[in-house]
Every structure is written in C-alpha cells, then in structure tokens.
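Peer 1: One letter stands for each residue in the lines below.
Protein chains: 2
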Amino acid sequence: MSKLVECVPNFSEGRCRETIDAILDEVKKVAGVKLLNVQSDSSHNRTVVTFVGEPAAVKEAAFASCAKAAELIDMEQHHGAHPRIGATDVIPFIPVRETSLDECVELANELGREIGEKLNIPVYMYEAAAKRSDRKNLPDVRKGQYEGLKIAIREPERKPDYGPAKMHPRAGATVVGARQFLIAYNINLSTSDVKIAKKIANNIREAKGGFKYCRAMGVMLEERNVAQVTINMINYEGTPLHRVFETVKNEAARYGINIIGSEIVGLVPMQALIDTADYYLRLEGFDRKQVMEENI
Amino acid sequence: MSKLVECVPNFSEGRCRETIDAILDEVKKVAGVKLLNVQSDSSHNRTVVTFVGEPAAVKEAAFASCAKAAELIDMEQHHGAHPRIGATDVIPFIPVRETSLDECVELANELGREIGEKLNIPVYMYEAAAKRSDRKNLPDVRKGQYEGLKIAIREPERKPDYGPAKMHPRAGATVVGARQFLIAYNINLSTSDVKIAKKIANNIREAKGGFKYCRAMGVMLEERNVAQVTINMINYEGTPLHRVFETVKNEAARYGINIIGSEIVGLVPMQALIDTADYYLRLEGFDRKQVMEENI
Numbered sequence: 000m001s002k003l004v005e006c007v008p009n010f011s012e013g014r015c016r017e018t019i020d021a022i023l024d025e026v027k028k029v030a031g032v033k034l035l036n037v038q039s040d041s042s043h044n045r046t047v048v049t050f051v052g053e054p055a056a057v058k059e060a061a062f063a064s065c066a067k068a069a070e071l072i073d074m075e076q077h078h079g080a081h082p083r084i085g086a087t088d089v090i091p092f093i094p095v096r097e098t099s100l101d102e103c104v105e106l107a108n109e110l111g112r113e114i115g116e117k118l119n120i121p122v123y124m125y126e127a128a129a130k131r132s133d134r135k136n137l138p139d140v141r142k143g144q145y146e147g148l149k150i151a152i153r154e155p156e157r158k159p160d161y162g163p164a165k166m167h168p169r170a171g172a173t174v175v176g177a178r179q180f181l182i183a184y185n186i187n188l189s190t191s192d193v194k195i196a197k198k199i200a201n202n203i204r205e206a207k208g209g210f211k212y213c214r215a216m217g218v219m220l221e222e223r224n225v226a227q228v229t230i231n232m233i234n235y236e237g238t239p240l241h242r243v244f245e246t247v248k249n250e251a252a253r254y255g256i257n258i259i260g261s262e263i264v265g266l267v268p269m270q271a272l273i274d275t276a277d278y279y280l281r282l283e284g285f286d287r288k289q290v291m292e293e294n295i
Numbered sequence: 000m001s002k003l004v005e006c007v008p009n010f011s012e013g014r015c016r017e018t019i020d021a022i023l024d025e026v027k028k029v030a031g032v033k034l035l036n037v038q039s040d041s042s043h044n045r046t047v048v049t050f051v052g053e054p055a056a057v058k059e060a061a062f063a064s065c066a067k068a069a070e071l072i073d074m075e076q077h078h079g080a081h082p083r084i085g086a087t088d089v090i091p092f093i094p095v096r097e098t099s100l101d102e103c104v105e106l107a108n109e110l111g112r113e114i115g116e117k118l119n120i121p122v123y124m125y126e127a128a129a130k131r132s133d134r135k136n137l138p139d140v141r142k143g144q145y146e147g148l149k150i151a152i153r154e155p156e157r158k159p160d161y162g163p164a165k166m167h168p169r170a171g172a173t174v175v176g177a178r179q180f181l182i183a184y185n186i187n188l189s190t191s192d193v194k195i196a197k198k199i200a201n202n203i204r205e206a207k208g209g210f211k212y213c214r215a216m217g218v219m220l221e222e223r224n225v226a227q228v229t230i231n232m233i234n235y236e237g238t239p240l241h242r243v244f245e246t247v248k249n250e251a252a253r254y255g256i257n258i259i260g261s262e263i264v265g266l267v268p269m270q271a272l273i274d275t276a277d278y279y280l281r282l283e284g285f286d287r288k289q290v291m292e293e294n295i
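Protein chains in written order, with numbering that gives the first Met the number 0: chain A, 0 to 295; chain B, 0 to 295.
Accuracy of the hints is not assured; some may be wrong.
Since the list gives no way to pick one copy over another, a pair counts as held whenever it fits inside one copy or between any two copies.
[Stated by the list, open to error] Using 20 Å as the maximum straight-line C-alpha spacing, the simulated DMTMM-like pairs for lysine to aspartate or glutamate come out as follows:
1. K248 - E102
2. K248 - E283
3. K33 - D192
4. K2 - E292
5. K27 - E292
6. K288 - E262
Honestly, the hints are just simulated from the structure, not real lab data.
Could you build all of it, start to finish, from the sequences and the hints given here?
Peer 2: Okay, here's the thing in structure tokens:
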C-alpha cells in the first residue's frame, strides 16, 4: 500500500457556488487525489474541504486550490461568523497510512514556502509544524483576524514564517501545519449520575494531569438516561484507544460502575483498530502487511 | 469498497515452467484480478495459485485457467506425491470483503456448471458448496484419485454434481467449492509444560466438544522453551479470535498460567481485526465504512 496523507483546507467562501466549484476543480484535476468531503457554511461564509492521496499529489492539490482562492476571494469584501485571516485560511496535513507526523510537518513546510514565494502570501506554521511555541494553537495565530493582522504583521513577533511580512492585498495570510488524525470517541457508563462522568473525564484529560493527547468532558445522554465521557483523541498513537478505555473502566469501578459501551463517531484510521486488536490479543510481531486487504 | 473474493486453485503441474506460466497468463489477463501468490512444488508436481478480485472477474479467471490446464496437462502422464483427480484439481472460493460465504457457494455453483457444460469435465462440489454430506471433505471426494475415479465415476454415489459422468480423457475431474478464510493463530503460554497446552487445545477444539470452527493442538516451541496452543480458525465469523483467546486465558488460569503472547501466521482479513477491536472496546453501532481507508 502507498503512503496516504489527508488534507483539510478551509476557504473563506461559503456562499458563492461558482467560486467554491472553481476551487474544488483544482483539487479534482490532480491525479491520485480523492475528494472525500465538502462542507460549506453560509453564516460562517466558509468551506471545509477534505481530500486524501499520496503526499506529493496532496501538496499539489493544496497549492493549486490555494492559488485559485487567492485569485477569486477578496478578503476586503469578506464577512462571516468564523475567525479567519485569509482566502485560504488554514491548511492542515494529517498522516493516514505509512506516513509519520514528521513527514507531514516536512510537507507542510514545503507547501508554506511555496505559497510564500510563488503566491506572495504570508504563511504561519502551526500545530506540529509550528516554529515557535506561541504559534502552536490556531486561535493565537489568528489573533486580530484579517483586519487586525494587516497592521500587526509588521510587528516582529507576528512576522510570518514564509513569504512577505505584509498581507496579500486580496488573499490576506494563510496558516499551514500538520496534526494527527482526531478520533471522536465516547464511553457510556452504567449510571445516570453525570457527576461521575465528569470526575472520570477529569481523571483522563491532559489539562487535569491525565493523558497528554486526550480531551474529555462528562455529559448526560438525556434520551438514554446514561452518563457519558465524551473524548477527543487528538493523537491515537501517543494515547491509544485501549489505554483510555481501560483507564475509564478502572476509574468507573471505583464507583461500582461499568462501561456499557463505547462509540467511535465518524472516521477512524485502520491503524487505530489494528493497534487495539494487537493490544488485547497480545500479538507478537504483527505486521500490517499481514492484513489481507493491504496486499490488493 | 467493492466486493472481494479470493480464489486458490490447485493445478496438477509443478515442474514445467511453460505450462505453469501459460496457466498464470490466463489469470493475469483478466482485468480487475490481482495475482497474490504462486507456489509450485516439484515433488507434489502441483501449483497452488492465489488471486483476488470482484466475484465475476475471479470466476472468469478461474474458468480461463481451468480451460488452459485442461488443454496443457495430461493426467495420463501425471505423477506426484499429492492426491489429485484432475488437471485443475480443486478450486475453492473464499469471501474476503463485503461478500458472504453463501455468495461464494453460488459463485462456485456457477463455475462448476460452466466447467461441466463448456469443458466437458465432471465437477464435484465440496465444503460449504457440497450438495451431499459425504462430499464436504476433500479427501472423501478425491478417494481413489485420478486412476481409481476413472472406474468409480460410473457408480451412482460417485456421480458428479455437474458435467458428464465420465472422466475427461486428459483433464480428469475437478472439485469446486467455497470455504471461509482460514486464520493460522498461535497462543503462547507462560509454561514449558506441553501437557497443559495439549489439555487446553482439547478444551477448545471442535472434535473434543470445543468451538465448532476451531482446530487445535498443543506443541512445544523448543527454541523458546514455551508451550503453545496452535490453532486453525476455519471460520472467524462463526468462532471469532477474541472468544478463543479469552477461553484459552480462562482455561490456562486454572493451572495458574497466563498467555504471554499470541501470533497470527500469514494473512488475516481486516474484518477479523475490526471484530476484535469492536468486542474489546464494546463498540456500539460501529460500521466498517467508518474506517478511513474504506472510503478511498
């Protein structure tokens, strides 16, 4: 099987069908890239595009769609509820198969340099590709939004990582980076006491001394009268599913409570399920190439 | 993702490279079929071919290679250590993805009828596709081998399921059928006492009152000084990996012994690993389409 990278660029246009289609066409015309999802929101005036493919093809599609957005979207005219600093607001790369996060960081840097040099758009690197610790989080990079950054970009601490230290007259600036695949994962408890779900959520979330790549909250599923720990697994290699499941099971047992079920919401990379089977079956020397479908 | 079926025909030629290549060419020229493996054994004078693809394409490749074998292999001249009744000795279909065993039984019957009618080769249906209980097992169908069956085929209880009730003058007869994917699975124990591995093997194998789709033996891994339960999982949907693992764990505990690891030898269908993760994480409503790679 070949390397596979996901890319989820966000464009500052969620209303004009022609503009959105023209941007999507740039993705579709790259051989080896598969468009998975398009979500346009007119109140946000923003479109989130998801595509996958081999690293070089994905980078090509990201660059081409960014160039088209710079041509068609005028940030001077843009209004929408969602924070943004540019026509192509943010471009994250996500490893899916046979690719490391480090390779996605490298890919992000190649793209950032290209956007800066060829399109004359200032670029900020974020998340795993951040070059400064104060640029890891997207809200920090987007501070002041398009309008504020036009002035602030002259300050040394807002100097872009690639491209000119002044906003592109129509396209603004772009944030490029790399992150792990996010798995939305919920664990349901044999109790209707949401306080217990909140306590367990605190036990496992990074902010409270729990797992580094785990964000969690306790919530009530009113329709089932069941308390739930709802989790964002932001790096399933660093903090795997089975470890979170087993820890929640142990913490729940302290209250005499069991896990009645768990759910994966949306997509999950195959590797996360292989890792789960590998752990529980105590597999020795299992290689992903042993999966029948990987040979096809 | 599309339907995927595996086919593993066995041909009665393991020495002549030209004949083997001519048969393989018939498989390779069918669009949508992927040749995975070829194993020729000269003392058996037999070649085992593994290919996968969509059902119709796989059936086409099976028929074309069987026709070519009938053209090139003369059973009157064939000698080899392995039991056989024809040029194409046996053709099993195995469900891999989005295909049931029943669909493979149907596919096997279509192919059997075609081989009988178009090639004038008598065909016996076996395993899940058997039409009589005394034809489920391959050794029973092959009784007397090519030489013996030439006479015995006239008896009513040896009448073929498709095709003429007399041997093809050069190609003999062919066995066609459907079976589940076989997973070779070993479980290693925290003991060097092989008697315990043998007792546990007896607890889980069908023949001794254990799981229906489980064949098991206790053996000694001399190089590691570890006792092992070595298992053939002949239907991982009927008897899943996790149930065998957990039962061996429980039975071992009765002797104060643990499972130190397990191994999957060779290939495993992705569904078997998804089922394992599903069981241990107690997943609710998980759909295989949620696996990222299934959307590509």
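Peer 1: Could you run down the list of hints and mark each one as holding or not?
Peer 2: Here is how each hint holds up against the structure:
no., hint, in the structure
1, K248 - E102, "neither (35 Å within a copy, 40 Å between copies)"
2, K248 - E283, "between (25 Å within a copy, 16 Å between copies)"
3, K33 - D192, "neither (44 Å within a copy, 54 Å between copies)"
4, K2 - E292, "both (15 Å within a copy, 12 Å between copies)"
5, K27 - E292, "between (26 Å within a copy, 19 Å between copies)"
6, K288 - E262, "between (27 Å within a copy, 14 Å between copies)"
Hint violations for this structure: numbers 1 and 3, all remaining hints satisfied.
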